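Residue numbers (UniProt numbering), protein chains in the order written: chain A, 1 to 188; chain B, 1 to 188.
For the record, the hints were derived by calculation from the structure and aren't laboratory data. Heads up, some of the hints might be wrong.
Unchecked claim - Pair ranges (Cβ atoms, derived): (1) S37(A) to T76(B): 36 to 42 Å; (2) Y186(B) to T169(A): 36 to 42 Å; (3) K188(A) to K87(B): 28 to 34 Å.
To be verified - To spell it out: a stretch of chain B is covered by chain A in this simulated footprint if at least three of its residues, at any positions, have a beta carbon under 8 Å from a beta carbon of chain A; those stretches are: (4) 55-67; (5) 128-137; (6) 143-151.
None of these values were measured; they are calculated from a predicted model. Glycine included, every Cβ here is placed at the ideal spot set by N, Cα and C.
There are 2 protein chains.
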Amino acid sequence: MSHPLRTHIEAVSKLTDEEFDHILSHFTPVKLKKHSSLVREGDLVKHEYFVLKGCLRSYITDNTGKEFTYQFAVETWWISEREAFMKHTPASTAIECLEDCQLLALSYEDREKLGRELWKYEHYLAVKSNMGYVALQKRLQLMIMGSAKERFENFVHQYPHLYNRIPKTHIASYLGVSRETISRLYRK
Amino acid sequence: MSHPLRTHIEAVSKLTDEEFDHILSHFTPVKLKKHSSLVREGDLVKHEYFVLKGCLRSYITDNTGKEFTYQFAVETWWISEREAFMKHTPASTAIECLEDCQLLALSYEDREKLGRELWKYEHYLAVKSNMGYVALQKRLQLMIMGSAKERFENFVHQYPHLYNRIPKTHIASYLGVSRETISRLYRK
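Chain A on its own, in the form it takes in the complex (with noise of 0.2 Å):
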């Protein structure tokens, strides 16, 4: 069976063994518990993950304590924390893990470097980033447009496997619902 990083690659571009290999070779793995922080706010991000098992959430904190979640991450996703990693800047998300992960961590030295030598690994990112980018359009127009209902059904439709398994409460911060209102709609 293929590496799950190489089937994610090869979705956009094949690649022979030894550039599989090669791109390997600047991943490191990192195991984390259930509950424990991947980045804090304040944090410098040095890596961005690609998820091999486990979950994880990307969240802030408003001055009221109220959370919203940006992205949830399960097997195959990636998660970083993305501005401060591409800018070098202090993160102003947290990061967590909802069960025990194992990560791949890749520096951001590394990525430009392997974009630099490999350009499938360049046009990899670019393609990601972009269906990244579209995906976002639609939950925020779907955030000013839809109701919650529409969210919710929307949310069980495209991640069928994500519902039952995230917390509700996580659930209704990345959907911009209210607990009750999210607890209502899991009994339908």
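Given chain A's structure and the hints, the job is docking chain B onto it.
Using the frame of chain A, we list chain B on its own:
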């Protein structure tokens, strides 16, 4: 003075004169009058556009006639229906000219060709897309956590050259606030 497209690309990667001339030779000039459509819902979208002069917006209309503005574009910004352009599917958002516009059009095939021929162009695409993703994440966060007032103030702060150039009604549909609210915010 450097060509605005060259300045935009060189914010990421320096180009030789030959490289820039080669890139520019793939673009086609487009002139459009105020109020005309660049993309209609259902169109196939074969180009993305770099704005030389003028102002555009992309938007969708829901089945109650309510509009949501996805994006504005003015001089040196890019605009397209990105999902339709990347995936070759019919457009689900429309793009209209809010002023007389001069654009440079690049086809999907030429975009891919330039990216393959010139690593710097592929890198520019990856960086541009990443920065767009980060900006969109912030907008989403503000939409969920910020009040109408905070969203408006952030818009004015971020785009001081836009809020008196674009009709209030479109800024309202970009920020997800009512026309009454936007008028009240402008009066302050």
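* At the C-beta level, are K188(A) and K87(B) separated by a distance inside 28 to 34 Å? -> holds (32 Å)
* Asked: Using the C-beta atoms of Y186(B) and T169(A), is the stated range 36 to 42 Å upheld?
  -> Holds, since Y186(B) and T169(A) (Cβ atoms, about 38 Å apart) stay within the stated range.
* Asked: Do the beta carbons of S37(A) and T76(B) sit within 36 to 42 Å of each other?
  -> holds (39 Å)
* Asked: Per the coverage rule (Cβ-Cβ under 8 Å, at least three residues), is the segment 143-151 of chain B covered by chain A?
  -> Held - the segment 143-151 of chain B has 3 residues with a Cβ nearer than 8 Å to chain A, which meets the minimum of three.
* Has the segment 128-137 of chain B got at least three residues whose CB is nearer than 8 Å to a CB belonging to chain A? -> This one holds; 8 residues, not fewer than the three required, reach chain A with a Cβ under 8 Å.
* **Check of the segment 55-67 of chain B against chain A for coverage (Cβ-Cβ below 8 Å, three residues minimum)** => Since 3 is at least three, the answer is holds.
Checked against the numbered hints given earlier, this structure breaks none of them.
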